[in-house]
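Participant: This is what each chain is made of:
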Amino acid sequence: MVLSTQSLCKKFGSLEVARDISINLPAGARYALIGPNGAGKTTFINLVTGQLKPDSGRILLDGQDITRTGTADRVRKGLTRTFQINRLFPELTPLESVTLAVCEREGVSANFWRGLSAHRDAIEEGFAILSRLGLADVATRPTRQLAYGQQRLVEIALALATKPKVLLLDEPAAGVPKDESAMLFKVVANLPEDIAVLFIEHDMEIVFSFATQVIVLVGGAVLLQAGPDEVKEDPRVREVYLGSAHV
Amino acid sequence: MTHNQTSAIVESPARWIRSRNRWTIFEILFWIATLAPLYFFPAYLNLASQVAITALFALSVDLVLGYAGIITLGHAMFFGLGAFTAGILSSRYVWGEPISGLLLGGMVAALAGYVTSFLIVRVQHLALIMVTLGLGLLTFELANSLRWLTGGTDGLTGISTWKIFGYFRFDLWGYTSYAYSLAVLFLGFLICRLVVSSSFGLALRGIRENVQRMPAIGSDYKWHLRKVYTISAAIAGIAGALLTQTTNTVTLEVLSFQRSADVVVMLILGGTGRLYGAIIGAVIFLVAKDQLAGINPQYWFLWIGILLMAVVLFMPKGILGGLSRLIRRED
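Note that the protein sequences, when read in sequence, are chains A and B.
Quick note: the first sequence uses this note's numbering, first residue 1, plus one each step.
Quick note: the second sequence uses this note's numbering, first residue 1001, plus one each step.
A couple of the hints might just be wrong.
[What the hints assert, rightly or not] Listed below are the simulated EDC-like cross-link pairs for lysine to aspartate or glutamate, each with C-alpha atoms no more than 20 angstroms apart in a straight line:
#, chain 1, residue 1, chain 2, residue 2
1, B, K1222, A, D73
2, A, K178, A, D203
3, A, K77, A, E106
4, A, K53, B, D1220
5, A, K165, A, D65
6, A, K53, A, E16
7, A, K53, A, D20
8, A, K165, A, D194
9, A, K163, A, D62
10, A, K163, A, D194
11, A, K178, A, E205
12, A, K77, B, D1220
13, A, K163, A, E180
14, A, K163, B, D1220
15, B, K1222, A, E106
16, A, K165, A, E106
17, A, K163, A, D73
18, A, K163, A, E193
19, B, K1227, A, E106
20, B, K1317, A, E91
21, B, K1289, B, E1253
In short, the hints are calculated from the structure, not lab data.
Based on the sequences and whatever the hints tell you, model everything.
Facilitator: Quick look at the structure:
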C-alpha cells in the first residue's frame, strides 16, 4: 500500500469529524471518496496531508509513519493534494507557478544568486506539465486572467509538479460546468499510472465511470468501501446518500 | 496570445523567462540619468547623496514588503544599526576605512535581522506590524540608554572617514560622497535585482501571492522568509553605514520611527514590488521635502500627505505602476 490510515480520529469539541477511519490506497489506485455534505471528506484530506493533526491513529506513506510530519515534508515525500477552492498564485503565470513547484521539489528555490532562467530543466519540466494538461497557450498569462476551468487545471498542474506518489483531489471539478467537468476527469483518468489517486466528487456519474473503488463516508466514519457497482446497489448508501429516487 | 508567441515559448520556455528579465532601454537611461547631479546640479550633491542612501534603504524594504509581503514599520532598526556600527568603529576604535565599515555595518544588521526573523515569521498581518514596530522602538530606546556607546541624544561625533581605496578623498562639495553613494546604491540594486529574478525571488512572489499554498507545493516558506529578512537587513545596514560615512555624524534619528514610516511612504508613492519604485519613491519624497520645506518649513508634510492620498486613490500600484499602465495602454 502506498498510503494507509489506521484508525484516524479527530474531534472538534464534542463533534466527531473523523471516526476510526482506516483506508488503504494501493499504487495506481483510482479511488473516489463520496458522502453527503459534512461527512468529513475534506477533513479527512486535511488530516492525511497534515493541515490538521489527528487526535489518534496513524498515517503511513510507503510504510513510513508520517503522522507527525509537517505538510511541506509530506509533499516532498510524495503526498500531494489539490484544493476544492482554487489556491493559486493570481499574479504569477502558470509557467512561473509550476516552475516554482518544480524548484521547491528540486531544492533549488533557496538559490538567490542565479537567475531563474538558469534552471532550464525546471522551467522545461514545468512547461511540459502545462502542455500535457492543454495549458501551453495560456502558460505565460497571469493566472488570474485564465478561465475558471483552466485555473482548476493549474491546481492539478501544481500538484503534478511535486511528482506525487499519492494525489488527493478535493473536488477537482468544483464549480465547473458539467460538460467541462468530464474533460477535467479525462485529465484525471490519464494521470500517470503509478500515481495513486483519491478524489472527492459529488457527481455520481463521474464517480462511477472513473473510480475503481468507492469509499463512502458518513458522519466522519467509513460506511462502506466497495467497487462502483456494489456501492450503487447498497441499500444503506441509497438511503443515506443517493436518495431512493436517484441512480 | 498570438500563435507566434506560443510557438516561441514551446521552443524555449526558459528563453521566455529570461527575456522578461532583460535590461531595458529605460533602465539603462535611468542609470545614466543618475549621473546628472555630478555635472548639472553640483549645488544639490548633498541632497543627491541623501536620495541615493535613502533609495538603497527603500530597496531593502521593498525586498521584504514588496516581494515577500512582510509589512514592516521598524526597518530603521537595521539602518540605524549599520549607521551606529560604522560610527562607533570610527569614533571609538579610530577605524575609518569606508569599505570595511560598510561591510561591518551590513554584517551587524544582518545578524540582528537573522535573530529577529525567527520572531517575524511567527506572526502575520496586524501582529506582524506591531512586532516590527515594537522591535524598532526597543532598538531606539536601547541606543538611547547606552550613552557610553552611542552618545545618547547627542549622537556620535568625531567620526572621520578615510579615503576610498586610499585614493578618493571626501571633498567639501560632495562629489566623492555622491559618487560613492551612487556606486553603493547601484551595487545594492544589482544584488536586489539578482535576488528577485532568481528562483528564490520566484518563491518570494509565491509567498506574497498565496502563502497558504506554499506548504502544499512542498515549500518550507518560513526559511525563505528568514533568509530574505536577513538579506534585507544587511542592505539596510549598509545604507545606514553609508549615511554615517558621508555625513560623519550619527544621531538617534537613524533609528527613529519616522524613518521606518517614511520609507514605507516612499515605497507606496513609487510602487512596491518593482525595485525602481523604491528609488523613484525616494527621489520624489526627498526632493519634495527639500523644495517644500524651502517654501514653508513647518507644513511640508501636508503636501506629502496630499500626494500620498492622490497616489493611493488614483494609482494604487504607485507612480511607477501607474506609468507602466499608461505606457502599455499606448502600445
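Participant: Decide, hint by hint, whether the structure agrees.
Facilitator: Structure-based check of each hint:
no.	hint	verdict
1	B/K1222 to A/D73	holds, 13 angstroms
2	A/K178 to A/D203	holds, 9 angstroms
3	A/K77 to A/E106	holds, 12 angstroms
4	A/K53 to B/D1220	holds, 18 angstroms
5	A/K165 to A/D65	holds, 15 angstroms
6	A/K53 to A/E16	holds, 14 angstroms
7	A/K53 to A/D20	holds, 14 angstroms
8	A/K165 to A/D194	holds, 7 angstroms
9	A/K163 to A/D62	holds, 15 angstroms
10	A/K163 to A/D194	holds, 11 angstroms
11	A/K178 to A/E205	holds, 11 angstroms
12	A/K77 to B/D1220	holds, 13 angstroms
13	A/K163 to A/E180	violated, 25 angstroms
14	A/K163 to B/D1220	holds, 17 angstroms
15	B/K1222 to A/E106	holds, 17 angstroms
16	A/K165 to A/E106	holds, 16 angstroms
17	A/K163 to A/D73	holds, 13 angstroms
18	A/K163 to A/E193	holds, 12 angstroms
19	B/K1227 to A/E106	holds, 18 angstroms
20	B/K1317 to A/E91	holds, 13 angstroms
21	B/K1289 to B/E1253	holds, 17 angstroms
Taken one by one, the earlier hints fail for this structure only at number 13.
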